[in-house]
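K.L.:
Sequence:
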Amino acid sequence: MIPEIGHYALILALAVSLVQSIVPLVGARTHDAALMDVGVKGAYAQFALMCVSFAALAAAYGASDFSVAAVFENSHSLMPAIYKFTSLWGNHEGSMLLWVMILALFGALVAAFGANVPTSLKATVLAVQSWIAALFYLFILLTSNPFMRLAVVPAEGRDLNPILQDPGLAIHPPLLYIGYVGFSISFSFAVAALIEGRIDAAWARWVRPWVLLAWIFLTLGIAMGSYWAYYTLGWGGWWFWDPVENASFMPWLAGSALLHSALVMEKREALKVWTILLAILTFSLSLIGTFIVRSGVLTSVHAFASDPARGVFILVVLLLLIGGALALYAWRAPTLRQGGLFAPISREGSLVLNNLLLSTACATVFVGTLYPLALEAVTGAKISVGAPFFNLTFAPLFVPILIAMPFGPLLAWKRGDLVAAAQRLTAAGIVALVTMAVLWAWTKGGAAFAPLMIGIAAFVVLGALTDIMERTQLFRAPFTTSLHRARGLPRSAWGAAFAHAGLGIALIGIVCETTWNSENIASMKPKDVVTVGGYQVRLDDVTQQQGPNYREAVSHFTVMLDGRTIGILTPSKRNFAARQMSTTEAALLTRGASQIYVSLGDAHTDGSVAVRIYHKPLVLLIWFGPVIMAFGGFLSLTDRRLRVGAPKPAKAGKKTGALQAAE
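So the sequence shown is residues 1 to 663, counted in this note's numbering.
Read the hints as simulated data drawn from the structure, not as lab findings.
Nothing false has been slipped in among the hints.
Cβ pair distances, simulated, as ranges: (1) 534 <-> 437: 23 to 31 Å; (2) 490 <-> 112: 20 to 28 Å; (3) 590 <-> 34: 56 to 64 Å; (4) 309 <-> 383: 21 to 29 Å; (5) 138 <-> 538: 53 to 61 Å; (6) 138 <-> 363: 26 to 34 Å.
The beta-carbon is built from N, C-alpha and C at its ideal position, and this holds for glycine as well.
Given only the sequences and the hints, what does the whole structure look like? Please build it.
P.N.:
Below is the structure:
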């Protein structure tokens with residue numbers, strides 16, 4: 001009975017979305033407050049119904065109700081409770097239900113926290129948001145029903161993909177989906193603005209918190225996914241330029257450009273047409289990522305769908321949403337009034353450069369990801385575009401962004417002084433050059449690229465610090481004065497500094513791990529010792545033990561430095577009988593920001609076991625950086641100017657107030 005309740009709630013949510021997609025638009029055109037309020041009530045109703053639907057499916061997984069096809073295919077009665085719950089979105093049907101529930105959540109958040117948005121614009125935004133929801137409700141109900149029953153109830157489930165039986169599954173997909181779906185709000189605001197025909201600085205102020213929120217969660221989701229792949233797959237890698245990884249990276253690049261573009265629009269009322277286009281394209285890339293993962297065009301640990309009908313349906317959704325939005329943009333954009341002018345050397349100019357480079361970098365990833373798929377669809381020929389292509393095309397575009405990044409915050413709006421900004425960055429530049437020289441000498445001229453990139457990363461971090469020092473007049477005014485100025489700085493200024501510094505820190509981790517990573521692959525028997533990165537690793541023994549739904553071989557390793565024991569590692573190899581699959585559970589020993597990484601391979605007939613042992617210097621900086629970036633984003637999000645938004649218009653009467661707000 002509970003699955004049926006969830007199914008009916010999903011159908012009711014579709015019905016509500018259809019009403020919400022039409023009635024508020026009529027109200028906005030006729031200035032009828034009651035009709036416009038249907039958008040708010042509909043958003044709340046959709047979210048409530050989706051909570052019921054999601055809870056019903058969660059209850060089916062928790063009770064191991066194998067009469068539900070999705071539960072049978074992706075769960076097992078002996079699985080730990082945490083994995084029973086996370087297996088809900090460890091498959092196509094459940095993950096799409098999570099997708100639309102988050103979509104409904106964002107609609108409800110706009111209804112709840114959009115009090116300062118003009119009533120007609122808010123109604124139009126909620127209507128557009130409901131168009132998206134209705135299409136995905138239809139997709140789930142017609143092609144991916146998570147509540148479908150089996151005629152014959154099996155005694156046991158088939159178990160969840162063993163690779164997904166990991167705590168990372170509890171964190172990574174929800175974070176990623178909040179990022180993906182969060183950009184739907186900026187998309188809805190952009191389409192609503194085109195329908196309304198009026199875009200100004202206030203629009204950018206209303207949109208920017210939603211873009212920032214989505215960007216924060218997408219940053220964390222990508223970082224968590226990278227770390228999950230690093231320790232789960234047993235290869236020791238953290239990024240493979242896999243099409244599914246690129247599917248999340250493209251909206252992140254476009255979203256980063258949108259954040260900066262919206263800032264220019266808010267401050268100077270410039271780049272209005274470009275910002276609207278970016279808002280459309282960013283969510284479009286999220287939808288394309290959904291198509292890549294859910295259509296069956298890829299075979300991957302991330303790609304759950306394999307039914308061509310689903311791919312065709314999603315393709316139709318893409319054409320309707322993206323094609324419709326771009327058609328509306330082509331029709332309305334030429335009529336929009338352009339904003340203020342600014343000099344090329346200015347903060348606006350630096351942000352335009354940022355946008356150009358980020359957009360071009362996103363385009364290279366887009367081409368490298370989709371071209372092989374398009375070529376195979378058209379000609380049947382299969383080609384592979386791997387890391388060499390992306391490294392050679394993406395890096396040259398990203399390096400100028402890093403070099404220009406410290407200059408932007410030090411330039412004035414409208415017209416800046418590049419020489420003065422360079423003078424303020426003199427100390428940062430000197431430290432960066434010294435860092436390059438020291439590393440060059442330390443590596444004895446063997447790695448030219450690594451010292452250069454670490455020097456650039458140091459310049460980015462110190463540039464962010466320089467911005468704060470300039471704002472607080474540190475070392476130029478009494479310390480108490482600087483402290484008072486620091487307390488008075490807008491949180492958005494601190495947030496930008498943290499975000500920029502986090503990118504530099506991540507780059508240091510990437511370069512160090514990539515350049516000075518040590519690896520030793522060996523067949524080891526108990527008491528054998530291998531050396532990697534100056535550490536000695538000894539295999540002590542191999543034992544067998546039984547897990548809840550698997551059997552595993554656990555190896556115990558002692559890690560020593562100069563003969564002194566510094567840690568014990570216990571990697572394992574797990575065998576899942578229900579799925580007839582094996583997984584590798586790597587073991588990690590953290591030393592500062594570096595790690596010793598041990599992963600097991602297959603056992604040999606002579607009693608030895610294949611072992612991969614890595615020393616990864618400063619590898620944790622790869623993920624500390626994004627966490628710092630996300631922290632900077634949260635700081636900016638708490639800035640009063642972003643929380644409060646534009647002031648409400650004076651109320652001279654309901655109808656007059658609505659008209660003034662719309663204008």
